[in-house]
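Line by line, the protein sequences are chains A and B. Note that my numbering numbers the first sequence so that position 145 is 145, with each residue one more than the last. In my numbering, each residue's number is its place in the second sequence (first place is 1) plus 415.
Hints are supplied without guarantee of correctness; some may be wrong.
To be verified - Reference listing, derived: stretches of chain A covered by chain B, where coverage requires no fewer than 3 residues with Cβ under 8 Å from a Cβ of chain B: (1) 17 to 29; (2) 132 to 140; (3) 311 to 323.
Stated by the list, open to error - Some, not all, of what chain A presents toward chain B, calculated at C-beta under 10 Å: (4) 3; (5) 11; (6) 129; (7) 143; (8) 180; (9) 182; (10) 185; (11) 210; (12) 265; (13) 269; (14) 286; (15) 292; (16) 293; (17) 294; (18) 299; (19) 307.
Simulated from the structure, these hints should not be mistaken for laboratory data. Glycine included, every Cβ here is placed at the ideal spot set by N, Cα and C.
Number of protein chains: 2
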Amino acid sequence: MISVALMGHGVVGSGVAEILTTHKQKLFASIGEEIYLKRILDLREFPESPLADRFTKDFDQIISDRDIRVVIETMGGINPAYDFTKRCLKEGKSVVTSNKELVARHGAELLQLAKDNNANYLFEASVGGGIPILRPINQCLVANMVDEIAGILNGTTNFILTKMINENMPFDDALSLAQQLGYAERNPEADVEGHDACRKICILASLAYGKHVYPDNVHTEGITKITLEDVEYAASWGGVIKLIGSCKLLEDGMMDIVVAPMFVPCTSQLANINDVFNGIMVRGDCTGDVVFYGKGAGKLPTASAVVADTVDCCKHLKSRKYLFWADSTEECVADYKLSKTQVYLRLLADNTEDAYNKVQEKLGSVTKLSKADAPANELAVVTDKALPYGEILDAVDSLTQDGIKVLSNIRIGNL
Amino acid sequence: MISVALMGHGVVGSGVAEILTTHKQKLFASIGEEIYLKRILDLREFPESPLADRFTKDFDQIISDRDIRVVIETMGGINPAYDFTKRCLKEGKSVVTSNKELVARHGAELLQLAKDNNANYLFEASVGGGIPILRPINQCLVANMVDEIAGILNGTTNFILTKMINENMPFDDALSLAQQLGYAERNPEADVEGHDACRKICILASLAYGKHVYPDNVHTEGITKITLEDVEYAASWGGVIKLIGSCKLLEDGMMDIVVAPMFVPCTSQLANINDVFNGIMVRGDCTGDVVFYGKGAGKLPTASAVVADTVDCCKHLKSRKYLFWADSTEECVADYKLSKTQVYLRLLADNTEDAYNKVQEKLGSVTKLSKADAPANELAVVTDKALPYGEILDAVDSLTQDGIKVLSNIRIGNL
Numbered sequence: 001m002i003s004v005a006l007m008g009h010g011v012v013g014s015g016v017a018e019i020l021t022t023h024k025q026k027l028f029a030s031i032g033e034e035i036y037l038k039r040i041l042d043l044r045e046f047p048e049s050p051l052a053d054r055f056t057k058d059f060d061q062i063i064s065d066r067d068i069r070v071v072i073e074t075m076g077g078i079n080p081a082y083d084f085t086k087r088c089l090k091e092g093k094s095v096v097t098s099n100k101e102l103v104a105r106h107g108a109e110l111l112q113l114a115k116d117n118n119a120n121y122l123f124e125a126s127v128g129g130g131i132p133i134l135r136p137i138n139q140c141l142v143a144n145m146v147d148e149i150a151g152i153l154n155g156t157t158n159f160i161l162t163k164m165i166n167e168n169m170p171f172d173d174a175l176s177l178a179q180q181l182g183y184a185e186r187n188p189e190a191d192v193e194g195h196d197a198c199r200k201i202c203i204l205a206s207l208a209y210g211k212h213v214y215p216d217n218v219h220t221e222g223i224t225k226i227t228l229e230d231v232e233y234a235a236s237w238g239g240v241i242k243l244i245g246s247c248k249l250l251e252d253g254m255m256d257i258v259v260a261p262m263f264v265p266c267t268s269q270l271a272n273i274n275d276v277f278n279g280i281m282v283r284g285d286c287t288g289d290v291v292f293y294g295k296g297a298g299k300l301p302t303a304s305a306v307v308a309d310t311v312d313c314c315k316h317l318k319s320r321k322y323l324f325w326a327d328s329t330e331e332c333v334a335d336y337k338l339s340k341t342q343v344y345l346r347l348l349a350d351n352t353e354d355a356y357n358k359v360q361e362k363l364g365s366v367t368k369l370s371k372a373d374a375p376a377n378e379l380a381v382v383t384d385k386a387l388p389y390g391e392i393l394d395a396v397d398s399l400t401q402d403g404i405k406v407l408s409n410i411r412i413g414n415l
Numbered sequence: 416m417i418s419v420a421l422m423g424h425g426v427v428g429s430g431v432a433e434i435l436t437t438h439k440q441k442l443f444a445s446i447g448e449e450i451y452l453k454r455i456l457d458l459r460e461f462p463e464s465p466l467a468d469r470f471t472k473d474f475d476q477i478i479s480d481r482d483i484r485v486v487i488e489t490m491g492g493i494n495p496a497y498d499f500t501k502r503c504l505k506e507g508k509s510v511v512t513s514n515k516e517l518v519a520r521h522g523a524e525l526l527q528l529a530k531d532n533n534a535n536y537l538f539e540a541s542v543g544g545g546i547p548i549l550r551p552i553n554q555c556l557v558a559n560m561v562d563e564i565a566g567i568l569n570g571t572t573n574f575i576l577t578k579m580i581n582e583n584m585p586f587d588d589a590l591s592l593a594q595q596l597g598y599a600e601r602n603p604e605a606d607v608e609g610h611d612a613c614r615k616i617c618i619l620a621s622l623a624y625g626k627h628v629y630p631d632n633v634h635t636e637g638i639t640k641i642t643l644e645d646v647e648y649a650a651s652w653g654g655v656i657k658l659i660g661s662c663k664l665l666e667d668g669m670m671d672i673v674v675a676p677m678f679v680p681c682t683s684q685l686a687n688i689n690d691v692f693n694g695i696m697v698r699g700d701c702t703g704d705v706v707f708y709g710k711g712a713g714k715l716p717t718a719s720a721v722v723a724d725t726v727d728c729c730k731h732l733k734s735r736k737y738l739f740w741a742d743s744t745e746e747c748v749a750d751y752k753l754s755k756t757q758v759y760l761r762l763l764a765d766n767t768e769d770a771y772n773k774v775q776e777k778l779g780s781v782t783k784l785s786k787a788d789a790p791a792n793e794l795a796v797v798t799d800k801a802l803p804y805g806e807i808l809d810a811v812d813s814l815t816q817d818g819i820k821v822l823s824n825i826r827i828g829n830l
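Same shape as in the complex, but just chain A:
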């Protein structure tokens, strides 16, 4: 029997407790020993829970209990999860988490602490919910140089974009619907501004390239400015708009990493990922493109990934899993203005023919897009060549000075 503790009995934590109970037999068969959930830390009371006798409000009951070998952290947020995780690892207890914010912010430090104390720190559930992704990258694709990772990493924004694309629903209505259905928080900023996707691409990049990438160093754009007009032009181009987190390794060893809405061609596997589903493409030099698809959030999918990590910790009580990345500085991340991309622009101009010429002066040849019922003073184009994003921003400024209003500016994903 291996004793474990759970910190945080919210959505994911209660799912973990549930799976440890309902799947006891299967887990036993895999480990050869029983997992015993000895303590559950939460400030709230759960008198109705069948595990009511295990609850505690006192972290000391976990940290000072030498029986407890694995601690599952599903509290979320930085504090006190950060402090508790450090203290557990220092005691040689392995820690499993779904806390992407903590991993993205302090992953390198916590992995080092785990290493120093011969413990494991695992967080499969922090990216892609129930989709296996970190272990496959770390183990199955170990014989590849990962050229690029790109994914739909946030289910809330993918739900909103799907409604905009398939049902012509304006952004605000789609957001309200997502809130009604419980997919979006009352304050939706972390999702719609791209911060959640940013944490996840940071974790993926850190794992794939061995250096911690901090969210503050990643250029991040959300989907709040996407309009139904943009969705229609994307369709006429042959694609859909998706919020993509992407990271490429440049020849000089720097990372070209960004979170932004992008045009994705319908031929891409990422174009067909709808609603709250996530999809992650890993481009290896040997495997080519591999795509992982599934539910990126939700109680049981996420909890099942947490429990799988818990099983792995129970199997490796005396040895370490080879999951590690080193700390780093912002210098490993390339300036986003140097990142080359094609771009779609939607412009408002009194004379669209004149605007078309001006755009080509500044950005080289472009291809016009059309849509039904486009206003006479609207021009939509896609650049034929990829250009450094800074040059595109300069061109947008210059067009604005020429009296041409740039309504939209969306990258073309090479996916």
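Given chain A's structure and the hints, the job is docking chain B onto it.
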């Protein structure tokens, strides 16, 4: 330094030798030790190879070399791979393979032998080529009961069907093209008759359910009878025809397992998997549907999966990976005639209205499908309800006796 040997320097084997050379640094970083490819067994000569001095024609040079801890078997076929693998495992050497035929035929025995000798027997590359699938099922989805696995497991047939669907190319032409491009063998039977897909669904089912499923016990149909007419009717139904290997766990613990062409609705993730790509859907009780996509064959994708397993063996020289299934009998597989499915039928009848009535007498209500330029004496329908497949076969017999010719009979996939 960990010494390994390679048996079979064909397409996959030469890819393994290549990756062990080109990715030396990355592999070293992962293991903390160098992998040294000490011997390569092949009956042919490779004087141009940079590793020419490592080649041998004598298996004794591998089996009797105590330095060699891991043996990579990429010979394919049953003999002598089966004998060599047994002898390696008995010596306590771990074995890694891409040999799906051997795993599907003798997996339970070889896994038991590995267990008895404290060695590992790993075969990620045997299913889905470079796509991570066995390790994710075994580790990442361990906290799930797997309700169903269904996949496009053979790239050759998927290439042929894609050509039929997207380019209206008849089967024979698509097969010839696949042969020209090197996707299909001169004798294409193993692919087009479904045997290759059958071996792979057997391996997946064995792993997911812990009991060896032998290919001989699995009802297998190929794609040789699929016509362009069927492809068109599938489109009018809202889907595409794919060769699917599928396995469901029934309530009584039996497996409902089949390989057959199926109508797949366009809304399914499996419908969008084209050309030589593979896609595998795993339906877990906690995760819901998870899909894995990528190149299911090819030199470097397959070799990269073999090398990843080799790395895992090198990390676990003294311990065992928890990959195992027990032997079993045909009794774990349910009679395919009891398996319930909806079905599409294409019929030839002098009086189609009469035929329509007769079909409904025998199979309950059906929905007619239409297509442009359908001959007046053709009727295409899909049953509204799922029925035991044996009843469908009986109905087909009975229709034939009534003078109605059943041209096509294709299952509807619930995917």
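Quick rundown of the hints versus the structure:
1. Check on the region 17 to 29 of chain A: 5 of its residues sit with their Cβ under 8 Å from a Cβ of chain B, so the three-residue criterion for coverage holds.
2. A stretch counts as covered by a chain when three or more of its residues have a beta carbon under 8 Å from one of that chain; for the region 132 to 140 of chain A and chain B the count is 5, and the coverage holds.
3. With 5 residues having a beta carbon nearer than 8 Å to a beta carbon of chain B, the region 311 to 323 of chain A meets the requirement of three or more and the stated coverage holds.
4. Checking residue 3(A) against chain B: minimum C-beta separation of about 18 Å lies over 10 Å; hint violated.
5. Below 10 Å, beta-carbon pairs count as interface contacts, and residue 11(A) has none with chain B, the closest being about 14 Å; its hint is therefore violated.
6. Using the Cβ-Cβ criterion of 10 Å, the hint placing residue 129(A) at the interface with chain B is satisfied: the shortest such distance is roughly 8 Å.
7. Hint on residue 143(A) holds. Least Cβ distance to chain B is approximately 4 Å, under the 10 Å limit.
8. A least Cβ separation of about 21 Å between residue 180(A) and chain B goes past the 10 Å threshold, and the interface hint is therefore violated.
9. Of the supplied interface hints, the one on residue 182(A) is violated, with its beta-carbon coming no nearer than about 16 Å to a beta-carbon of chain B, more than 10 Å.
10. For residue 185(A), the shortest C-beta to C-beta distance to chain B is roughly 22 Å, which exceeds 10 Å, and the interface hint is violated.
11. Because the beta carbon of residue 210(A) sits about 8 Å from the nearest beta carbon in chain B, less than 10 Å, this interface hint is met.
12. Checking residue 265(A) against chain B by beta carbon gives a least distance of about 13 Å; that is not within 10 Å, so the hint is violated.
13. A hinted interface residue such as residue 269(A) counts as satisfied when its beta carbon comes closer than 10 Å to some beta carbon of chain B; here the least separation is about 6 Å, so the hint holds.
14. Annotation: interface hint on residue 286(A) holds; nearest CB of chain B at approximately 4 Å, less than 10 Å.
15. A distance limit of 10 Å between C-beta atoms decides the matter here; for residue 292(A) the minimum to chain B is near 6 Å, and the interface restraint holds.
16. With its C-beta approaching chain B no nearer than about 4 Å, residue 293(A) sits inside the 10 Å limit, and its interface hint holds.
17. Interface hint status for residue 294(A): upheld, as the beta-carbon distance to the closest one in chain B is roughly 4 Å, under 10 Å.
18. A hinted interface residue such as residue 299(A) counts as satisfied when its beta carbon comes closer than 10 Å to some beta carbon of chain B; here the least separation is about 9 Å, so the hint holds.
19. With a cut of 10 Å, the hint placing residue 307(A) at the interface with chain B holds, because the nearest CB-to-CB distance is about 4 Å.
The structure does not agree with the numbered hints 4, 5, 8, 9, 10, 12 stated previously, though it agrees with the rest.
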